[in-house]
Every structure is written in structure tokens, then in C-alpha cells.
Amino acid sequence: MRLRLWGTRGSTPAPGPETARYGGNTSCVEVLGDEPEQWLILDAGSGIRRLGISLARERPRRVDILLTHLHLDHVMGLGFFGPLWTRGTEIHIWGPASPTRSLGDRLARYLSPPLFPVRMSEIPSNLHLHDAPDDTFSVGGFTVTSGRILHSGPTVGYRLTDGKVTIAYLPDHEPALGQATLAVERPEWLSGYQLARDADLLLHDAQYSDVQYSERVGWGHSSISQVVSYAIACRVSRLAMFHHDPRHSDAELEALRAKGRRLWQRYRPASDLVLAAEETEFHLDPEQDEVRLVDTQGVAGARWGRGIAG
Amino acid sequence: MRQRSLELILARTLAGHLAVPAFIVDTSSTIVWFNESAERLLGLPFEATAELSIEEFISVLDLRDGSGAPMKPEGLPFAAALGSAVPVTAPARLGPAGDALELSIVALPLVGRDGEVFGALGAAYSDGGSR
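Note that the protein sequences, when read in sequence, are chains A and B.
Numbering of the first sequence is given in this note's numbering, commencing with residue 1 and proceeding in unit increments.
Numbering of the second sequence is given in this note's numbering, commencing with residue 311 and proceeding in unit increments.
Read the hints as simulated data drawn from the structure, not as lab findings.
What you are looking at is a predicted structure, and each value in this text was computed from that prediction instead of being measured.
It cannot be assumed that every hint is accurate.
[As the list claims (entries may be wrong)] Every beta carbon over 10 Å from chain B, so not counted as near; a handful from chain A, in silico: (1) 148; (2) 185; (3) 268.
[Unchecked claim] Simulated restraints, written as ranges between beta carbons of each label pair: (4) A/217 <-> B/394: 35 to 43 Å; (5) A/198 <-> B/422: 23 to 31 Å; (6) A/119 <-> B/384: 52 to 60 Å; (7) B/424 <-> A/186: 23 to 31 Å.
[What the hints assert, rightly or not] Simulated coverage check for chain A against chain B, where a stretch passes if three residues somewhere in it have a Cβ under 8 Å from a Cβ of chain B: (8) 170-179; (9) 188-197.
Just so you know, even glycine gets a beta-carbon here, dropped at the ideal spot from N, CA and C.
Using the sequences and the accompanying hints, generate a full structural model.
Structure, rendered in C-alpha cells:
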């Protein structure tokens, strides 16, 4: 399994020289497996635009987009995703269910005038919309489990496995809300535990410093200390800090990573905690018994040569 | 161990911040969590018992109904609210006759976004007493 990161920023795009290293595009992760002609994408933030450009020469037959929720930073790139505008391409969009409005109705609040010049009914690709079940389902050679997690509004996290490696994607998440501690005796009471438990790689909300979180309790995001505690409680093997605050420069992100690693290294090697960066890939290869962080931008990467959880 | 639903997690979070004794009941009528005030009422910490069945709860408290008779499980509002899907209130007595703490036990069925009852939030209100 390979993960290609096209956007790792949260809330709003944050381009600029001070964010060039880790990127300014909002959440978008491409998941690549062995299934030919099928693509799976996690979230459709602004990063999906460039992903669409890269897919143009592949001409995928089917693309599945798993949305964690419909906040703008996770859907803003949809209207600019090239395959959506390619006749004959099958696009499946999955998102959290609502008891009152269909996924299509909710997406149409953005993909329609006056916010967008084209209506969803005019999209030329073969569009299919699905409510992500609180259950396990198959997509493109992957077994996907979705489940509701603690964030503002209907939000799901995703767990993906190809039978050999398992990743968990919880980009907007506040598991610490109302909890005295995340180091709990009964982890079944932790939001998202079933999704994240024992994952080989967890991509998780790490938006705030501890001080910033104290001023933003209930906003739906996590501090660096909380995400480390959560990852340890879920017994994940590797943690990628995700959903970077738009105000955080590259240097500030690296300071957060240093803080995270000081906490993390009581549990696992410091190098098993990384900052998710645009233009990087995670290669999870159970046969090589390692996870490699392949950097296409020159950012220092990591090679994780640990056993991969089954 | 089965992941608790998001709604149950949020209900427990709320119950943990209430001053009244509060209980979280799942759809099998098992009391799956109770707060600090409830620990004082029961005289034991949650971790000592973990989950309690309705029968165990009644037995630990020696709970009686408003007439002083031993409380029947089906008479406890927790189970009644789950079955009826409407709020239920019932008087109860704690302790021996003559020195009983009069309680009003309430239970709110918790209905999720899918329209299904996923549990109940129970609380025990008293008009005084040292417990």
C-alpha cells in the first residue's frame, strides 16, 4: 500500500514561503494498492486539484473519494478535480450520513450557484453518492471501515487494510473532549478506537500546541500531547501528524514535532512520529517489513524498519 | 472489546460532569458507567465493579420502590425507558424503613440520529440526606 500526500493542512489553504516545506494545500491523501484502474482518495481538500492533474494521463475507470466530513477544507477541491469533469469516469463519493439530508443535497450547498458556477446535475462524469456506513465495506481492493468520531458535526474516520497493512485516517478529531485523560483502562470508550487500534500508520489531527488547545476546547481538534497519548492508547506503530494549523509555519510545525517526539519516544522510537508533508509518500511494505517515507521534495524522511501489525 | 458508540461516549462525557448521581445504561439494560456522585451513592468506585446489571444495582443499593417493597428490575426507570423509548420517573427508597433516603430516579432514553434507542441516561435525585 502506498499513500501519496497531496494536502496536509487544515482549516484553510495556507500557501506561502513560510509553509513551502510541509505544504499549504488542505487535506487530500491518495491511496494506491494493487487494483489497476481504481483509485481511492481520502478527502477532497484543495490538494485534490493537483492529484486530478496527475491522474489525467492515467484516465482512471473508477475513482472513490472518501470524505471524512463536509467542512469546506475537506471538500473545496471537488469542483476542481479533473476526473469529475471527464465523461465516462465513474466517481463514487462517500461521506457521513445525515438523518435529514442526502449527501448530494449537502454537497450541492457548495457545488451550486452562487458558490460554484456549475450544478451537480451538470457534472459529466458518472457520479455516485454513498453514505459511509458505520461498518466495513470493500472499495478497490481495500477493506474500509468507517465510523463516527468526535468532531463538530457529522464526521467519520476511516480504517483501510489490504490484508497486509492497515492505516487509519482521522484528520479532524478531538478525542480528548471531556476526558480527564486519554490513557484509559477501557479504550472502547475512546472515540475512533476501533478505527485506529493497532494500525501500522495513523494519520491524525495534530492541529494545536497544548497552549492553543486550552483556548480552543470543543473546536474539534487535538493538541500534540493529546494526539500522542491517543496514538499510544490505540497502540499504533507509527504516527503522522496531520491537519496542520494554517497559522503554523514550517519552523513551528517542526517545533511541534519535536515536542511530540519527546513524548512519543517513551513508547516507540522518535522517528516513528513524523510530520505529514505534501509531496511525500508512505510506502507500507509488509514483505520488506518496513514503512518507508519517500520524500519527493527533499524534506528529511524516515525509514521505519519495524514489524508491521497484522 | 466492542467500540462504544459516539453517542454513548458523549453521554458518558456529559454524565461525568454532572453533580447528581448519573448512570449510563446500554441497550442490554446493563449499567456500563456511573459518575463520581453515583460512586458515593453506591459506596463503591466504578472500577471495583465495572458494569452492573440492573439486578446487581438493586441489590447493592438495597433499593426499594416508593411503597418500601424491594424494587423489581422492570420497575427501575432505566429498563423502562429503554423499552418504552420515553422518559420514565419513579420514586425509590434507599436504606431501611425509618431511615430511608427518598430518591426520584429518572431515565432518559437516548435516541440516535438513526432513530434507534442506543441507551439511557439515568440519574438519582434526592431532596436531602447525607449520601
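Going through the hints against the structure:
Not every CB of chain B lies more than 10 Å from the CB of residue 148 of chain A, the least distance being 4 Å, so the non-interface label is violated. Consistency note on residue 185 of chain A: stated as away from chain B, yet its beta-carbon is not over 10 Å from all of that chain's, at 7 Å minimum. Every CB of chain B lies more than 10 Å from the CB of residue 268 of chain A, the least distance being 23 Å, so the non-interface label holds. Between residue 217 of chain A and residue 394 of chain B the Cβ separation comes to about 36 Å, which falls inside the hinted range of 35 to 43 Å.
Checking the proposed 23 to 31 Å range against residue 198 of chain A and residue 422 of chain B shows it holds: the Cβ atoms sit about 27 Å from each other. For residue 119 of chain A and residue 384 of chain B, the Cβ-Cβ distance of about 55 Å falls inside the hinted range of 52 to 60 Å, so the restraint holds. Residue 424 of chain B and residue 186 of chain A have their C-beta atoms about 24 Å apart, which keeps the hinted 23 to 31 Å range intact. For the segment 170-179 of chain A, the stated coverage by chain B is satisfied: 3 residues place a CB nearer than 8 Å to a CB of that chain, which reaches the threshold of 3.
Note: the segment 188-197 of chain A has 6 residues with beta-carbon separation from chain B under 8 Å; the three-residue rule is met and the coverage holds.
Checked against the numbered hints given earlier, the structure breaks hints 1 and 2 and satisfies all the rest.
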